[in-house]
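Peer 1: Line order of the protein sequences matches chains S and L.
The numbering of the first sequence is this note's numbering, which starts it at 1 and goes up by one.
The numbering of the second sequence is this note's numbering, which starts it at 1 and goes up by one.
In case anyone wonders, no lab produced these hints; they're calculated from the structure.
Incorrect hints may appear among the rest.
To be verified - Subject to a maximum C-alpha distance of 27 angstroms in a straight line, what follows is the list of computed DSSO-like cross-link-like pairs (lysine-lysine): (1) L:K210 x S:K319; (2) S:K330 x L:K7; (3) S:K3 x S:K166; (4) L:K119 x L:K210; (5) L:K7 x S:K339.
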Amino acid sequence: MAKIDTHSYDVIVIGSGGSGLRAAIAAAEAGARTAVVCKSLLGKAHTVMAEGGMAASLGNVAPEDNWGTHFQDTMFGGKYLSNWRMAELHAREVPDRAIELEHWGAVFDRTPERKMSQRAFGGHTYNRLVHIGDRTGLELIRTLQDKTVHSGIDVFMETTVTTLIKEGDRVVGCFGFRRPTGEFISFATKALVLATGGSGRIYKITSNSQDCTGDGYHLAYAAGAEMVDMEFIQFHPTGMVYPPGVAGLLVTEAVRGEGGRLFNAKGERFMEHYDPKRMELSTRDVVARSIYTEVKEGRGSPHGGAFLDVTHLDPEYVKMRLPSMYEQFKELAGVDITKEPMQVGPTCHYFMGGIKVDADTGQTCVPGLFATGEASGGMNGANRLGGNSLGDLLVFGRRAGIGAAEVANGLEPVRLSEDAVAEAHRQAEEDLTGGHLDGAENPFKLHKELQKAMGDGVGIFRDREGLEEAIAKVEVLYGRAQAARAPSPRPDYNPGWQLCQELRNMTTVSLMIAKAALLREESRGGHSRLDFTAYDDYWAEHNIVQRGTGPDLELIPTPVLKKDDLTELVEARKLQEAAA
Amino acid sequence: MSEHEMKGGPRTFQIWRGDEAGGELVEYHLETEPGMVVLDAVLEIQREQEPDLAVRWNCKAAKCGSCSAEINGKPRLMCKTRLDHLPADEPIQVEPMRAFPPIRDLVTDVSWNYEVNKKIPPFSPRETAGEIFEIGQADTDRMSEFRKCIECFMCQDVCHILRDHRLQEKYYGPRFMVRLASLEMHPLDGVDRIDLIADQAGVGLCNITKCCTEVCPENIHITDNAIIPLKERVADERYDPLLKILRRTGRNRRDGRKKV
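Bound conformation, chain S alone (with noise of 0.2 angstroms):
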């Protein structure tokens, strides 16, 4: 066996997005020797497609906003299923990293008083979410993308992580392979944060960038860690539908919030019938449901959408407010949004569900592991609010990085087990090498096959008959997965390796999906059932948690983490709802 180099840490991050990069700025701020392992070019991660911008209270617009209101926004966008101490963390804490990210030299949209401005978004009971044009995530990124390379970080761009190593119950690193070189390479660590985003890429319709195929959940979930409201997946109301190379690329909710209008075929404004007070800017779940039924209905575009229009509105402030989305339509599309609507549909957007950790450290029930960002679960329930999930990349990816550092600092250094590394090194050498052995499975075929199955059984509209079905079909899948073997055996930069791994993470997710979307029975924010379609008691008050090995998954519905503190705020939003 040729020598593994081995590099040793304090803490490594894994994921190069907001909450990867901003847990290794607070890891290192906290002393830590820490690394970024990251499967893309530093900068590409998917947080540079977040376009809307980011909630924070800090009333530069609406000077009455507060975090308590935040906070009882958030509860009532994620159907009161969200960990009710997350919520607060991240209602309490997201302007400080407002400003922060400022004092870092992000560059912000400005009010006439000079101030941050904030735009109004679904499910906000203010103009809230900081902003610059609409290409809000990538400010992010590239913010934190220089506080990260001036902070002493080591950064290990493209390079793919196939396994978390385990001493005892404890995780002490981690192995995979370089992708220009086809190198192998194993971190040892003392305490190992994953920020590794959501698995859109389990759809074909998709808003994701292909990274997004839920590596974390899955190496996470083998190393023994907890899953949380993995049934809950956000379908974004607006994608595009046409041309079909772009289907699923998201059209900014910016553009209901700057008043763009949705119709139907008729020309009528249909959120009417769905959402009379809050029409356009309904939460997501509520406007991508309402989609769907009108075009399923009959009433939709030509290429099986609903118009989105803004031409009501000067072209000029269109272009100014909306600049990517003008350029998107006119360039891929051939459509000039100022002059004819667009045409949309529901696109799978984000995970609320992921890795189950503590609020305020982003640890999981796994001595070492943490977990941050879209790739743990917990603060936004049923469904996500747009504009809080930038806020929950750094809120919670500064928490896990100050916890990871924290837990690193007592420790004295790891190593990691020979067995344990040539173990790592034999399946991913067989999956470089065995793909013309008999039963070789082809990942791109599997890759396609497991797209139709989750997208006929378990997409937006759920019921008994399709699940049952989906799970049938995934965990076929699964089971061929195991088999999956690049097509060629050239180690440098080969596409093919690199998707048998990811195939494993997506059955592995898919199959968490599809178990716990067929035990709640139930509908509520981001899971619909066709055949339970109405809220239940019973779930209203409990979260599915998932853990097991391989594809034996046990489902533990568990209270909703409360805190009393926070009793009086929930119930006075309940009161309010239910009086309107």
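Fit chain L to the given chain S structure using the hints.
Peer 2: For chain L alone, kept in the frame of chain S given last:
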């Protein structure tokens, strides 16, 4: 072109296959769908014909800047280049960016750019900035043009100083002139980078041919709005006699910025 005119049909592609030891254009045929972009075609060829065809991509939404290549000889994002915008009667040539060392096929080694970025002192607020920043929208708009950059590095790819003269040791390239301009034009930044801009970053080497501006997928006016103003600031600081006097009396516009 409106969506009603989108065309699919059979197309021929010539894709560069190889590594640092050399390579060649290899021909592929594909039945294309209406509205397809070059990246769709490359990925389809990867899925169906050449499973180890190496290509770097992430967002497929023109937001990450990963899929830069030279298409029919011109640097472009593969995800933003529609097939029906390219001449229908010719093969579509897809090659890696030539100013960077090849890794394999369409993937190049762009790590030099990351090394350059480390040499640029980051934003650091001046002492008078206060906790809550007050900045005007006009300043924001000026900086925002530069901060739109998605780091596709295509400007670096076409820059003569880097591509033809190989002066990577003397010039940071247009991408980092844009980065420096965004810092230099921040009204609350407290770092004086004039010596860096003039000496290590080598702004004087740019001879304003505007090739970088032409290829920028974000339409940043790199030459006019970033490089020329930086050249002017260097000239003002180093060679303007009046400013020299003012600087001695501590009254020039760089008050509040500190040398690093």
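Peer 1: Now tell me, hint by hint, if it's right for this structure.
Peer 2: Status of each hint after checking the structure:
no.: 1; hint: L:K210 x S:K319; in the structure: 25 angstroms, holds
no.: 2; hint: S:K330 x L:K7; in the structure: 16 angstroms, holds
no.: 3; hint: S:K3 x S:K166; in the structure: 20 angstroms, holds
no.: 4; hint: L:K119 x L:K210; in the structure: 25 angstroms, holds
no.: 5; hint: L:K7 x S:K339; in the structure: 23 angstroms, holds
Of the numbered hints given earlier, the model fails none.
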